[in-house]
Amino acid sequence: MPADNKLVLKVANLTVSFDEDKIIEDLDFEVREGDVLAVIGPNGAGKTTLFKALLGMTPYHGDIKWEDGIRIGYVPQRMEIETDVPLTIREFLRLRGSENFSEEKAHDAVRSVLLPEEILNFGLGEISVGQRQRILIAWALLGKPRVLLFDEPTADIDIRGQESIYQLLHHLQDKYNLTIILISHDLNVVYKYAEKVLCLNRQKICFGSPQDVLSPVQMQKLYGGEHAFYHHFGHADGHQH
Amino acid sequence: MTDILPQLIVGIFISAAASLLGVFAILKRMSLVGDALSHVALPGIALAIFFKVNPFLGALAFLFLSAFGIWALEYRTKLSVETIVGVFFTASLAVGALLIPQLELLEALFGDIAKLSFNDVLVSVGLSAILIAVLLAVHKKLALHMVSHELSSSIGIRSKQLELIYLLLFALGVALGIKFIGALLMGALIIIPAAAAKNVSKSLNEFMFLSVLFGVSSAVLGVYLSSLYNQAPGPIFILVGTGIFILSFVWRALIGRQR
Numbered sequence: 001m002p003a004d005n006k007l008v009l010k011v012a013n014l015t016v017s018f019d020e021d022k023i024i025e026d027l028d029f030e031v032r033e034g035d036v037l038a039v040i041g042p043n044g045a046g047k048t049t050l051f052k053a054l055l056g057m058t059p060y061h062g063d064i065k066w067e068d069g070i071r072i073g074y075v076p077q078r079m080e081i082e083t084d085v086p087l088t089i090r091e092f093l094r095l096r097g098s099e100n101f102s103e104e105k106a107h108d109a110v111r112s113v114l115l116p117e118e119i120l121n122f123g124l125g126e127i128s129v130g131q132r133q134r135i136l137i138a139w140a141l142l143g144k145p146r147v148l149l150f151d152e153p154t155a156d157i158d159i160r161g162q163e164s165i166y167q168l169l170h171h172l173q174d175k176y177n178l179t180i181i182l183i184s185h186d187l188n189v190v191y192k193y194a195e196k197v198l199c200l201n202r203q204k205i206c207f208g209s210p211q212d213v214l215s216p217v218q219m220q221k222l223y224g225g226e227h228a229f230y231h232h233f234g235h236a237d238g239h240q241h
Numbered sequence: 242m243t244d245i246l247p248q249l250i251v252g253i254f255i256s257a258a259a260s261l262l263g264v265f266a267i268l269k270r271m272s273l274v275g276d277a278l279s280h281v282a283l284p285g286i287a288l289a290i291f292f293k294v295n296p297f298l299g300a301l302a303f304l305f306l307s308a309f310g311i312w313a314l315e316y317r318t319k320l321s322v323e324t325i326v327g328v329f330f331t332a333s334l335a336v337g338a339l340l341i342p343q344l345e346l347l348e349a350l351f352g353d354i355a356k357l358s359f360n361d362v363l364v365s366v367g368l369s370a371i372l373i374a375v376l377l378a379v380h381k382k383l384a385l386h387m388v389s390h391e392l393s394s395s396i397g398i399r400s401k402q403l404e405l406i407y408l409l410l411f412a413l414g415v416a417l418g419i420k421f422i423g424a425l426l427m428g429a430l431i432i433i434p435a436a437a438a439k440n441v442s443k444s445l446n447e448f449m450f451l452s453v454l455f456g457v458s459s460a461v462l463g464v465y466l467s468s469l470y471n472q473a474p475g476p477i478f479i480l481v482g483t484g485i486f487i488l489s490f491v492w493r494a495l496i497g498r499q500r
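Note that the protein sequences, when read in sequence, are chains A and B. According to the numbering used here, the first sequence is numbered sequentially starting from 1. According to the numbering used here, the second sequence is numbered sequentially starting from 242.
Everything labelled a hint here was simulated from the structure, so no lab data went into it. Take the hints with a grain of salt, since some may be wrong.
Quick look at which bits of chain B chain A covers, simulated, 3 or more residues with Cβ under 8 Å [as the list claims (entries may be wrong)]:
| no. | region |
| --- | --- |
| 1 | 372–384 |
| 2 | 389–395 |
| 3 | 446–454 |
C-beta: ideal position from N, C-alpha, C; glycine also.
Build out the structure end to end from the sequences listed, making use of the hints.
This is the structure we're talking about:
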């Protein structure tokens, strides 16, 4: 990855606090066009909060400088919905309110995430969690983003399903020249798909290519304990980071 | 039949507006809020009677204030809206029951559209039409916000503004419904048709259409039956709505929603 690719995001002195509690403290990093940056860190390290700050959904101190006019797509970790919510996939895509939304675009959207077109008639609560995650990606792609923020689910999706999601993201990145920032709980994914890693535990613990920064010493610093390889045990309930 | 025409017109418009509001109350799982919010109208009615102004205005003023209150509090406390509403608004019912004179109390609690003036009809129809128009204009954003506020705010929808618009529409709907059905039953006018529609709908469009259809048919039957038996239409409306709900529930259990 040449270092002189265009800068799409520069974060400097970022601090996010809730009440008196500092969730993120004095964070600096940058992202260049075409990067795949993985944000890793233990539960409660501020990963999802970082995404919310990047999207302007939560107040913060410091600087978050996106390239002017850049379009950002967001795939949240999960969606709490009832299985019988009366909302079809087609309607859910239409709710985005994209300009000239059409039946054709709905078909394109589900095809681009490798789902069958019939799924448009299904209820949003009826499909599997893995399918819903793909629909969320399709939803984000409708906004023609240049950057995709992807918050990996901690549970509910089996390992093979997760693997194919990353293959899909990889494919989409090539196809649309996306810059991707993802939150991951799985270091295998990070080794395989990310070009850069940001280790976060309130503060920046490390930043660089996975081969350089994912050393046993760094991992111990990040996650504590003696095991260098972190395994995430998903909990059935969702949790914020 | 012609003597109940004004009541039918008012009933149709108000129930259409209320049942459309109900769709979004159910999507947000806030059915209790509507129920309790309707009680806030009572102290407003009491004050209006005391100062000899139109009770509708008193109810509307109190409802708007409460809608603002809920909206402001939701962002300032960690208490859930339902808790706040459950405590303070049930207290309003108590205050209203003490302050409103006996005769008017029954009317405020259960509604009375036996004596509608031409102006009443005009105001009810006009405001209901405005409510429906505004709700339809924001319905996509509102549905998205209620399904996932993370997604809606990620694409720049202003959640706070949207919630305020919704709460004010809700307050307007409740104020309109009080004359028709009364403060005690108003929550049901909003929730029952939507709850029945949810049982049999798979899409948002069906959900909205069926909710309005169920609401309007309950209102028409309610007004018609009440004129036949010389009863207040409110309770009859609720019973008809409950009948539709039970049918929808049975339909869902027997046939499911596979199509």
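Using a Cβ cutoff of 8 Å, are there at least 3 residues of the region 446–454 of chain B near chain A, or does the coverage claim fail? Three-residue rule met by the region 446–454 of chain B, so holds; n is 3.
Do at least three Cβ atoms from the region 372–384 of chain B come closer than 8 Å to Cβ atoms of chain A? holds (count 3)
Closer than 8 Å, Cβ to Cβ, for at least three residues: run that test on the region 389–395 of chain B against chain A and report holds or violated. Three-residue rule met by the region 389–395 of chain B, so holds; n is 5.
In summary, the structure agrees with every hint in the numbered list given earlier.
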